[in-house]
Amino acid sequence: MEWVDFFLQQLITGLSNGMIIALIAIGYTMVYGIIELINFAHGDLFMLGAFLALTLLGMLGLGDWSGASAWAAVVIMLIASAGFCGALNWGIDRLAYKPLRSASKLSLLVSAIGASFILVNLGLFWGGLPMDVFAGGVAAAAPKDFPALVPNTNLLGEESLVQFTPKDVLVWVVTVPLMIGLTWIVTRTRLGKAMRATAQNPVAARLMGIDTDRVIGATFLIGGALGGFASVIYSLYNNTISFQMGYRAGMDAFTAAVLGGIGSMPGAVAGALVIGLVRSMSDAYLETRWTNTIVFGILVLILIFRPSGLLGSRVKEKV
Amino acid sequence: MTQNLPMLAAALALAFSASALAQSGTLKIVSSLPRTGSANAQTGTIVNGIRMAIAEVGGKIDGYEIAYEDWDDASPQRGNWDPTVEAQNANKAVTDPAIVGYIGTFNSGAAKIAMPELNKAGLVMISPANTYSGLTKPGMGEANEPAIYRPSGSINYFRVVPTDDLQGPVAAEHVAGSGAKKVFILHDRELYGKGIADVFQKRAKELGLEVAGFEGIDTKASNYKSLCQKVKFSKADAVFFGGTTQSNGGQVAKDLRSVGFTGMLVVPDGCREEAFIQAAGASNLEGNTFVTFGGLPPEQLTGRGAEFCAGYRTMFGTEPEAYAVYGYEAARVLLDAIKRAPTKDRAAILKAVAETKDFDGALGIWSFDSNGDTTNRVFSISSVKDGKFVFERRAGDAPAEGTKAK
Amino acid sequence: MRLLPTPILAYFAIMAALPLFMGTSGLFYDAFQAIFVFSLVGLGLNVVTGFTGLLNLGMAAFMAIGAYTFAILTSDIYPFQIGFWWGIVATVVIGAVAGFLLGAPTLGLSGDYLAIVTMGFGEITLDVLKNLDAVTKGTQGINPLPRPTFGSWTLELQQERGWYWLLLGFVLLAVLAVRRLERSRSGRAWLSIREDALASQCMGIPPKRTKMIAFSTGSALAALGGALFAALLSSTGEPASYDFQVSILALCIVIVGGMGSVAGTLVGAVVMVGMNSLVLVKLADWAGAAGVGGASNVLASPNNWKYLIFGLALILVVRLKPDGLLPPRLEGGSG
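Residue numbers (our numbering), protein chains in the order written: chain S, 1 to 319; chain Y, 1 to 406; chain F, 1 to 335.
The reader is advised that the hints may include incorrect statements.
Below, simulated SDA-like cross-link-like pairs (lysine to any residue); rule was C-alpha separation at most 20 Å, straight line [said to hold, decoys possible]:
1. F:K321 x S:S102
2. Y:K92 x F:Q158
3. Y:K385 x Y:E307
4. F:K208 x S:L95
5. Y:K120 x F:P146
6. F:K321 x S:L95
7. F:K208 x S:V300
8. Y:K92 x F:L27
9. Y:K120 x F:W286
10. Y:K220 x S:P307
11. S:K105 x F:R194
12. F:K321 x S:R101
13. Y:K137 x F:P144
14. Y:K220 x F:N131
15. Y:K92 x F:M22
16. F:K208 x S:W3
17. Y:K120 x F:P144
18. Y:K92 x F:V279
19. S:K98 x F:D323
20. Y:K220 x F:F244
21. Y:K235 x S:F7
22. S:K105 x F:L325
23. F:K282 x Y:S367
24. Y:K235 x S:L161
25. S:K105 x F:A197
26. S:K105 x F:R319
27. S:K105 x F:I77
28. Y:K92 x F:D285
29. Y:K92 x F:L157
30. Y:K385 x S:V133
31. S:K98 x F:L320
32. F:K282 x Y:K137
33. Y:K120 x F:R147
34. Y:K92 x F:G288
35. Y:K339 x Y:Q300
36. Y:K235 x S:R101
37. Y:K28 x F:W286
Don't read these hints as lab results, they were simulated from the structure.
Please construct the entire structure, taking both the sequences and the accompanying hints into account.
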């Protein structure tokens with residue numbers, strides 16, 4: 001039954017795409033939950049994570065990657081990009097957002113937009129590095145091929161029309177434990193408790209002896225690190241990176257966060273899976289050129305009937 | 001003399017003003033190309049080509065200094081060509097009397113903005129990259145094209161690249177000639193990509209190919225796996241992608257292969273650059289990917305073309321890319337006209353460009369026809385082997401009368 | 001509280017006089033024509049975001065609707081050809097209707113949910129303009145567009161001063177309209193909704209209707225800006241000329257200028273658009289003249305630094321002036 005195969009294929013593709021979006025979306029939703037900032041720079045931070053990963057690969061040498069050495073390289077990249085993006089996000093908060101804690105929400109937003117522009121420009125410069133992986137730096141702005149470390153073999157057998165590859169496995173193997181770990185941090189640790197308290201009422205949290213600046217810093221660090229993990233998974237799954245990839249990735253993730261109910265982590269994951277699936281189904285059964293319209297159309301419809309998103313709680317707006 | 005200080009000051013002031021520069025022997029050429037953002041890679045090679053052509057004449061023609069300015073028609077907000085900036089550039093060029101030639105634009109949409117302005121000022125414009133047919137050819141685009149770009153009634157716009165209405169059919173004939181029966185057509189919804197996909201489809205149907213699908217892609221998507229699976233399940237044995245490296249051609253090629261599509265992929269000259277191979281990954285293009293290109297690729301060129309390649313390598317230390325030749329050719333044909341023009345003003349230079357005939361260029365020997373198009377109709381088809389473009393064969397019409405091929 | 005407080009009067013006096021010292025053509029005019037277009041969009045967004053507190057990330061969509069409405073109604077490739085002035089009138093009306101249609105189902109959403117709906121609307125508008133190429137000409141843009149006529153006299157595209165003053169005139173009209181509205185019953189309702197939605201509802205202010213009026217006013221002004229943007233180019237450009245970045249620019253204008261301040265918005269447009277079309281262009285020119293650039297190194301080309309400079313400037317402005325360059329209390333009037 002060919003149409004069944006086709007449908008199953010779309011499910012696999014949609015869910016894998018959705019899980020990658022989810023990792024980025026959590027970064028948005030965490031920061032939003034704690035300081036009510038739509039962190040425009042988050043998508044571009046994610047982009048820089050991918051550039052770091054590709055640079056590392058270039059430094060490790062681009063030989064024949066297979067078996068254990070390939071998986072070792074994946075682990076090194078994951079750790080390095082997560083550390084890098086976490087630290088960078090923390091630094092951006094220090095320099096660009098922290099001085100504006102008492103200013104209006106929208107000044108903060110403009111600062112984030114400024115940070116986003118700077119990160120995009122750094123990505124352009126980075127793409128011009130004189131390394132083989134960047135084509136020697138001649139075409140700084142061009143999209144870069146990300147080597148296929150993870151094989152594209154079909155785990156269901158080469159005859160099967162449906163493709164399920166180690167790439168799809170990788171996406172789930174990395175994202176699911178990360179999400180479980182994160183949920184544990186937020187619900188079970190002291191830091192998590194402090195984060196929730198700060199999100200609910202920063203003044204009261206400070207009165208209770210919580211160092212809210214440290215808590216906010218930690219939130220940026222964790223959110224950034226998730227962006228870093230996502231950047232490596234994205235790169236290994238799609239095999240192309242470019243200095244402009246943060247825009248769409250950021251927009252999808254932000255939409256997912258809002259769709260699920262901004263501030264809610266399970267919501268962000270649910271929203272991301274919905275977006276991944278809708279994109280796949282629309283590409284496959286309708287026309288690609290209408291996919292964006294359908295995604296945002298569904299978003300508007302859902303919000304009209306559920307104004308706080310899929311899993312968001314009905315909280316009075318803080319203005 | 002010393003008593004005449006005010007006069008001296010006035011003369012000095014005059015020497016620094018733009019109008020005085022023209023009299024004192026400087027002719028300025030500008031290019032207006034998107035230099036901020038993603039097209040930067042291709043426009044960089046065009047600018048190199050222009051600089052090289054100017055360096056070859058020693059930066060001087062008949063005692064006149066040739067100055068060159070590399071203008072950007074993109075803005076950081078857009079990351080791509082910006083109509084406002086292109087309009088500004090056109091205005092800036094018109095009002096600076098020292099400027100005698102405008103090389104540009106890269107995007108056909110931008111040309112539509114600049115053309116009427118430059119036309120009214122009688123400033124010659126030579127594009128190294130616009131391929132949208134409606135800019136020059138009556139009956140190919142809208143009913144009012146190309147007249148709306150020529151408010152003065154005469155022609156000031158020329159291009160050194162063959163147009164989409166010629167290139168699309170070359171690609172369709174290649175697909176049909178390979179024995180394919182069913183083709184899936186993708187395009188990037190841009191003026192260039194959609195335009196060439198439209199003519200491809202028309203020719204493909206004439207040749208009896210079955211068109212399995214015709215779809216515009218979302219150029220900012222992270223991947224096209226679902227779309228490519230649709231292509232695979234449609235059992236098409238060839239795909240044509242109308243678009244460029246910038247409109248994500250590399251990702252399309254990559255995802256076609258990653259979902260297990262094994263048929264032929266054909267792309268137009270917007271993808272004929274190293275950056276496309278870089279983006280797609282060499283192994284994904286190996287063997288069954290074909291690129292059409294107006295003119296012969298650099299390494300196949302003889303005579304002037306071969307000299308160009310050697311010179312480019314020495315000057316910039318890299319291999320010339322497809323667009324470098326166009327930039328070089330556009331600048332050379334302009335410099336040649338400046339040399340032939342009896343007086344070095346806009347009108348005389350425009351007239352000299354229009355009279356260009358049997359020009360011994362890097363792309364062969366060619367002329368400008370009455371629409372301002374190149375008579376060069378030689379196309380080439382290349383494939384990709386070991387991460388390099390490899391010339392396969394010549395294609396397209398013989399050159400129109402009045403020219404002979406090399 | 002006068003209709004035009006001193007800072008605004010000073011702005012218009014200076015702007016009206018400037019061309020007398022700037023020759024009759026050049027970069028100055030290009031930059032300031034763009035500044036005036038974006039002043040209109042900024043004034044519209046200021047009503048929505050500054051006065052009423054609704055975050056709108058889709059102003060570019062209303063500009064696009066304005067530009068394409070104007071183009072379709074006036075260009076000679078369509079049968080309507082109603083001329084420049086009627087085209088402008090129709091654009092303003094349709095802009096307001098579009099704002100109403102988007103606002104009606106969505107204005108009940110709170111804060112950032114509304115923001116993403118407007119952002120989504122921006123994306124949908126771009127896709128529709130791109131995909132319905134039978135009507136919109138896809139990415140080709142619609143051109144040429146008519147010039148404004150005054151009796152038998154036509155303002156040609158080269159008459160830079162004429163366009164400058166024409167656009168400045170539109171900005172003046174928009175400022176007068178916005179200031180009138182701000183002082184009217186609706187305007188006071190906007191501010192009270194922004195300050196405390198619940199309290200103002202208790203005072204008998206209908207939140208939905210109040211927001212709708214603000215939203216429609218803002219959309220109409222953005223549509224006007226879009227129509228003039230297209231008229232100035234004599235083309236709609238491609239749909240991507242009205243993408244998310246344009247909405248972001250509009251937002252930066254309002255916030256950098258000072259939320260809720262009309263004078264601030266005018267200054268914000270000068271600073272933000274001026275930086276884009278004057279300062280960055282000049283910097284690149286100077287660097288080019290000084291012999292920088294041309295090498296294959298990405299760092300050497302001044303054009304490659306534009307994003308960075310723009311971003312740094314944004315961060316510095318909000319850092320030094322968190323309430324904007326000219327917040328409402330300094331404007332001398334509203335607030």
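Evaluated hints:
Of the pairs offered as hints, the one joining K321 (chain F) and S102 (chain S) holds, with about 12 Å between alpha carbons and a cut-off of 20 Å not exceeded. Pair hint K92 (chain Y) plus Q158 (chain F) holds up; C-alpha atoms about 11 Å apart against a cutoff of 20 Å. With a C-alpha separation of about 25 Å, the suggested pair K385 (chain Y) and E307 (chain Y) falls outside the 20 Å cut-off, and the hint is violated. For a cut-off of 20 Å, the pair hint linking K208 (chain F) to L95 (chain S) is broken: about 39 Å separates their Cα positions.
Simply put, K120 (chain Y) and P146 (chain F) have alpha-carbon atoms about 16 Å apart, close enough for the 20 Å limit, and the pair holds. For the hint pairing K321 (chain F) with L95 (chain S), the CA-to-CA distance comes to about 15 Å; that is within 20 Å, so the pair holds. For the proposed pair K208 (chain F) and V300 (chain S), the alpha carbon gap of about 18 Å is at most 20 Å, so the pair holds. Of the pairs offered as hints, the one joining K92 (chain Y) and L27 (chain F) holds, with about 6 Å between alpha carbons and a cut-off of 20 Å not exceeded.
Using a Cα cut-off of 20 Å, the hinted pair K120 (chain Y) and W286 (chain F) is violated, with the two alpha carbons roughly 29 Å apart. This hinted pair does not check out: K220 (chain Y) and P307 (chain S) have alpha carbons roughly 28 Å apart, beyond 20 Å. For the hint linking K105 (chain S) to R194 (chain F), the alpha-carbon distance of about 13 Å falls within 20 Å, and the restraint holds. A distance of roughly 13 Å separates the Cα atoms of K321 (chain F) and R101 (chain S); the hinted pair therefore holds under the 20 Å criterion.
At roughly 17 Å between alpha-carbon atoms, K137 (chain Y) and P144 (chain F) fall within 20 Å of each other, so this suggested pair holds. Annotation: proposed proximity of K220 (chain Y) to N131 (chain F) holds, straight-line Cα distance about 15 Å (limit 20 Å). Taking the CA atoms of K92 (chain Y) and M22 (chain F), the gap is near 14 Å; set against the 20 Å cutoff, the hint holds. Taking the CA atoms of K208 (chain F) and W3 (chain S), the gap is near 47 Å; set against the 20 Å cutoff, the hint is violated.
For the given pair, K120 (chain Y) sits about 14 Å from P144 (chain F) by alpha-carbon distance, which is consistent with the 20 Å threshold. Proposed proximity of K92 (chain Y) and V279 (chain F) is supported: the alpha carbons are some 15 Å apart, at most 20 Å. Simply put, K98 (chain S) and D323 (chain F) have alpha-carbon atoms about 16 Å apart, close enough for the 20 Å limit, and the pair holds. Straight-line distance between C-alpha atoms of K220 (chain Y) and F244 (chain F) comes to about 13 Å, which keeps the hinted pair within the 20 Å bound.
For the hint linking K235 (chain Y) to F7 (chain S), the alpha-carbon distance of about 16 Å falls within 20 Å, and the restraint holds. Restraint check for K105 (chain S) and L325 (chain F): the C-alpha separation of about 16 Å stays at or below 20 Å, so the hint holds. A hinted pair counts as satisfied when its Cα atoms are at most 20 Å apart, and K282 (chain F) with S367 (chain Y) does not qualify at roughly 38 Å. As the CA atoms of K235 (chain Y) and L161 (chain S) are separated by approximately 12 Å, the hinted pair is consistent with the 20 Å bound.
Among the hinted pairs, K105 (chain S) with A197 (chain F) is consistent with the structure: their alpha-carbon atoms are about 17 Å apart, no more than 20 Å. Distance check on the hinted pair: K105 (chain S) and R319 (chain F) sit about 13 Å apart at the alpha-carbon level, within 20 Å; holds. For a cut-off of 20 Å, the pair hint linking K105 (chain S) to I77 (chain F) is broken: about 46 Å separates their Cα positions. Among the hinted pairs, K92 (chain Y) with D285 (chain F) is consistent with the structure: their alpha-carbon atoms are about 12 Å apart, no more than 20 Å.
Under the criterion of a C-alpha separation no larger than 20 Å, the hint pairing K92 (chain Y) with L157 (chain F) is consistent with the structure, at around 13 Å. A C-alpha spacing of about 19 Å is found between K385 (chain Y) and V133 (chain S), which places the hinted pair at or below 20 Å, so the restraint holds. For the given pair, K98 (chain S) sits about 13 Å from L320 (chain F) by alpha-carbon distance, which is consistent with the 20 Å threshold. For a cut-off of 20 Å, the pair hint linking K282 (chain F) to K137 (chain Y) is broken: about 37 Å separates their Cα positions.
Restraint check: the Cα-Cα separation between K120 (chain Y) and R147 (chain F) comes to about 16 Å, which is no more than 20 Å; the hinted pair holds. The straight-line distance between the Cα atoms of K92 (chain Y) and G288 (chain F) is roughly 16 Å, inside the 20 Å bound, and the hint therefore holds. Taken as a hint, the K339 (chain Y) and Q300 (chain Y) pair is broken in the structure, with Cα atoms around 29 Å apart against an allowance of 20 Å. Note on K235 (chain Y) and R101 (chain S): the hinted pairing is violated, with a Cα-Cα distance of about 58 Å set against a maximum of 20 Å.
For a cut-off of 20 Å, the pair hint linking K28 (chain Y) to W286 (chain F) stands: about 16 Å separates their Cα positions.
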